[in-house]
Amino acid sequence: MKKILLSLFIVLSLFSLIVSCGQSQGKGGEFILNNGAEPESLDPHLISGVPEHRIYMALFEGLVAYDPKTATAVPGLAESWEFSDDNTVITFKLRQTTWSDGVPITAETVKKSWERMLSPELAAPYAWFPAMFLKGAAEYNAGDAGPDALGVEVVDKYTLKVELVGPLPYALDAFAHYSFAVVPLHAIEKYGKEWTSPDNFVGNGPFVLETWEPQNKITVVPNPKYWDKDAVKLSRVVYLPIEDNNTSYNMYLNGEIDWQTTVPTDRIKEAKLRDDYIKNPQLATYYYIFNNTKKPFDDPRVRKALSMAVNRQELVERVTQAGQITAYGIVPPMTGYKGVKGLGEDVEKAKALLAEAGYPNGEGFPEVEILYNTSEGHQKIAEFIQQQWKVNLGINVKLTNQEWKTYLTTRREGQFYIARAGWVGDYQDPNTFLDMFVTGGDMNDAFYSNPQYDELIHKAARMAPGPDRFATLMQAEELLITQDHAIMPLYFYVTINMIDTNKWGGWYPNVMDIHPLKNIYKK
Amino acid sequence: MGRYIFKRFLGLIPTLFIIITLSFFIIRFAPGGPFDSEKKLPKQILENIEKKYHLDEPLVMQYLRYMGNLLKGDLGPSLRYQDHDVSFYIVQTLPVSLLLGVISLFVALILGLFTGALSALKRNTWVDYTFMSIAVLGISIPLFVTGPILMLIFALVLKWLPTSGWINGRGGWATLIMPVLTLSFPYYANIARLFRASVLEVLQSDYIRTARAKGLSVRAIMLRHVFKGASIPVVSYLGPAFAGIVTGSVVVEQIFRIPGLGRYFVQSAFNRDYPLIMGTVVVYSVILVVMNFIVDIFYGILDPRVSYKD
Numbered sequence: 001m002k003k004i005l006l007s008l009f010i011v012l013s014l015f016s017l018i019v020s021c022g023q024s025q026g027k028g029g030e031f032i033l034n035n036g037a038e039p040e041s042l043d044p045h046l047i048s049g050v051p052e053h054r055i056y057m058a059l060f061e062g063l064v065a066y067d068p069k070t071a072t073a074v075p076g077l078a079e080s081w082e083f084s085d086d087n088t089v090i091t092f093k094l095r096q097t098t099w100s101d102g103v104p105i106t107a108e109t110v111k112k113s114w115e116r117m118l119s120p121e122l123a124a125p126y127a128w129f130p131a132m133f134l135k136g137a138a139e140y141n142a143g144d145a146g147p148d149a150l151g152v153e154v155v156d157k158y159t160l161k162v163e164l165v166g167p168l169p170y171a172l173d174a175f176a177h178y179s180f181a182v183v184p185l186h187a188i189e190k191y192g193k194e195w196t197s198p199d200n201f202v203g204n205g206p207f208v209l210e211t212w213e214p215q216n217k218i219t220v221v222p223n224p225k226y227w228d229k230d231a232v233k234l235s236r237v238v239y240l241p242i243e244d245n246n247t248s249y250n251m252y253l254n255g256e257i258d259w260q261t262t263v264p265t266d267r268i269k270e271a272k273l274r275d276d277y278i279k280n281p282q283l284a285t286y287y288y289i290f291n292n293t294k295k296p297f298d299d300p301r302v303r304k305a306l307s308m309a310v311n312r313q314e315l316v317e318r319v320t321q322a323g324q325i326t327a328y329g330i331v332p333p334m335t336g337y338k339g340v341k342g343l344g345e346d347v348e349k350a351k352a353l354l355a356e357a358g359y360p361n362g363e364g365f366p367e368v369e370i371l372y373n374t375s376e377g378h379q380k381i382a383e384f385i386q387q388q389w390k391v392n393l394g395i396n397v398k399l400t401n402q403e404w405k406t407y408l409t410t411r412r413e414g415q416f417y418i419a420r421a422g423w424v425g426d427y428q429d430p431n432t433f434l435d436m437f438v439t440g441g442d443m444n445d446a447f448y449s450n451p452q453y454d455e456l457i458h459k460a461a462r463m464a465p466g467p468d469r470f471a472t473l474m475q476a477e478e479l480l481i482t483q484d485h486a487i488m489p490l491y492f493y494v495t496i497n498m499i500d501t502n503k504w505g506g507w508y509p510n511v512m513d514i515h516p517l518k519n520i521y522k523k
Numbered sequence: 001m002g003r004y005i006f007k008r009f010l011g012l013i014p015t016l017f018i019i020i021t022l023s024f025f026i027i028r029f030a031p032g033g034p035f036d037s038e039k040k041l042p043k044q045i046l047e048n049i050e051k052k053y054h055l056d057e058p059l060v061m062q063y064l065r066y067m068g069n070l071l072k073g074d075l076g077p078s079l080r081y082q083d084h085d086v087s088f089y090i091v092q093t094l095p096v097s098l099l100l101g102v103i104s105l106f107v108a109l110i111l112g113l114f115t116g117a118l119s120a121l122k123r124n125t126w127v128d129y130t131f132m133s134i135a136v137l138g139i140s141i142p143l144f145v146t147g148p149i150l151m152l153i154f155a156l157v158l159k160w161l162p163t164s165g166w167i168n169g170r171g172g173w174a175t176l177i178m179p180v181l182t183l184s185f186p187y188y189a190n191i192a193r194l195f196r197a198s199v200l201e202v203l204q205s206d207y208i209r210t211a212r213a214k215g216l217s218v219r220a221i222m223l224r225h226v227f228k229g230a231s232i233p234v235v236s237y238l239g240p241a242f243a244g245i246v247t248g249s250v251v252v253e254q255i256f257r258i259p260g261l262g263r264y265f266v267q268s269a270f271n272r273d274y275p276l277i278m279g280t281v282v283v284y285s286v287i288l289v290v291m292n293f294i295v296d297i298f299y300g301i302l303d304p305r306v307s308y309k310d
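So the protein sequences, as listed, match chains U and P.
All letters in the first sequence, in the order written, are residues 1 to 523 by UniProt numbering.
All letters in the second sequence, in the order written, are residues 1 to 310 by UniProt numbering.
Since the hints were made in silico from the structure, they are not lab data.
Where hints are given, some of them may not hold.
As the list claims (entries may be wrong) - Coverage of chain U stretches by chain P, computed from C-beta distances (three or more under 8 Å per stretch; other residues unrestricted):
(1) 207 to 219
(2) 245 to 257
(3) 398 to 406
What the hints assert, rightly or not - For each label pair, taking beta carbons as the anchor points, the in silico distance ranges come out as:
(4) U/Leu273 with P/Glu201: 53 to 63 Å
(5) P/Leu59 with U/Val50: 27 to 37 Å
(6) P/Ile167 with U/Asp101: 25 to 35 Å
(7) U/Lys193 with P/Leu59: 23 to 33 Å
(8) U/Gly422 with P/Leu59: 27 to 37 Å
(9) P/Ile167 with U/Gly422: 34 to 44 Å
(10) P/Glu38 with U/Asp101: 32 to 42 Å
(11) P/Pro58 with U/Glu376: 36 to 46 Å
A virtual CB, placed ideally from N, CA and C, is assigned to each residue, including glycine.
Could you build the full structure based on these sequences and the hints that come with them?
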């Protein structure tokens, strides 16, 4: 009997040892986050969204990476860089490092990676982004030139010279973007499309892919070959693709998620009472587009009147409630650029303008609609604005909601009077908001056209960084907003994150809402 | 009988062909394309992508290409999830939906048969009223209400169960409890009501009266005669129920974060991911027609009055 008990004891002890070893999370612990959606791809050249970007930052590193506090460029694959005197050429000095499988990464790897990204055959959805910076990229992507047209020169094994389309002061930050990713061409050649499977995966970021179960989870673990591996503290990161905000918020409350990247609108009130609710201004604007070519919105007086009759303060306090910031211009405030004052609010003046345009007290105003994509939040905002215009100007507008892709098509085709829109800046420069509205621009759904505006935007693109360039951009914004009022800015977004910063360090709020996992650690 | 089964089986092919053809063209009528987003793609980029996926070809040409590939067993690439083909995502996720569906149907069946029979035997007593009231709730409360209520009670308030996830996650098999209960509830309710009515009908039939007259015990009558006879409507309900429970788990998969095919079905429609929508439609159609086919065959085995001659 004693022998049996002893054997049982040993077996149980061994079992518990094995189990506890299996559950061990290493030194830094496991970090679980809601990534919002299943990624479109893990191949950095084929991605285009926020969930994919979060995974990209763990698995890959471009020439530069993001500073966790400011989201501006810090050394990544490149340990240093130098701008030419006229700001049109950057020379990157690469560090001597390797892929996760030990294959060295050289300047040639970077050049070939970019050639892959921009090749028409790959059909990368974000190929337009490098084309905004890199000389020859647009021509090559359009099939009008070969890869030799690219302004990328391998000086030696670890030196790369990059020629820009102009003296773009914000170009350096752009190199942290996934469209400038460096990819393991040797692995892609070997495994084809399957190179992103966990068994075949090769990366150069702080983490490597461990598992990928579609619609369930993606896990990554530290990359032992990463040049700055000692800075990586977490032992595992789990990305959950949860689209239902209520489910993920409940999981966060239940301790099943460590970082929740949003809060359902109807639960913001309760979330705000918690000390792990982190709100921060974002480089993003919520606005309404007027169809500048359709009556009565082809008259700037009408556009101005409608905009001046909306109480933004009440909108952000009573409707959106998450602490958004009232907006009267399209560009959110950023370092060195204050943004325009805009028209402000003045109901009496709005009434006068409307009367001047031929609609005294709203009489005779045609039946128009506000178009928005199906969402409770957009609907509440539209209802508020509908009410404001009715009370303040005596005009009735109808509301039309459409499913996302249908709404996009309607908007693009100009089949609307007023449509909701939102824009998140790609980089920290006013240009990312202003170049949308040049005549014939792909994103110019307001169909705004002012040659003077176009000229100012083009002029700024050729200017050196500094106050003069910002003054030119400000002049353009004055035209767009104060003079022509092509669109109606409503508020600047804020990001909402839930993370217990008493437990996790290395996570900082910033205007780009970019939070590299490399820096996160358990306190 | 073999000849009948073979002929019925051949009949499935035109049905599937019509479903696939109609679906192919109908989904293209929806406004918006797979590559539309807030940040509009420049013309050149869009052209490159459309060329890559043959979307620049005439629709009829695309249809012929799709059908040709389908016959070869190739469901094509996903336009949204670009690292794998549609078949990969189906192979990864269908077993999850099937497992959830089978367990839910099994639970619904066991509970439904038991409470249905008990309600019939204890007709118009408090037992009957209780079970039938629960069944009415099951039919009238939608899944998207049942699920979150269970989550609120058992996960957030009592903290007995994980809120969501799948069996290979941290929560393990406990993650199955709430989705199974949610998904099986309406099916349980239907089976219970169906079986109760059916048992009552059989109990009043002549052959049961004969069996009673012969002096058979209640237990023997129930097991040997009533259950078999009364199960016919339930069996004929099981085919569509199985198809429904597998294809209809979309909401439950969404609420409880289950990595099943249903999530792809919903998302591919929103994303206008044509090959993935088609892939899920093909799978769901096959499940639906095959289940109806199997039920037809079983129906005859259970009820000798059904003839296989046509």
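Here is what the structure says about each hint:
no.	hint	in the structure
1	207 to 219	holds (count 5)
2	245 to 257	holds (count 7)
3	398 to 406	holds (count 4)
4	U/Leu273 with P/Glu201: 53 to 63 Å	holds (58 Å)
5	P/Leu59 with U/Val50: 27 to 37 Å	holds (33 Å)
6	P/Ile167 with U/Asp101: 25 to 35 Å	holds (33 Å)
7	U/Lys193 with P/Leu59: 23 to 33 Å	holds (26 Å)
8	U/Gly422 with P/Leu59: 27 to 37 Å	holds (33 Å)
9	P/Ile167 with U/Gly422: 34 to 44 Å	holds (38 Å)
10	P/Glu38 with U/Asp101: 32 to 42 Å	holds (37 Å)
11	P/Pro58 with U/Glu376: 36 to 46 Å	holds (40 Å)
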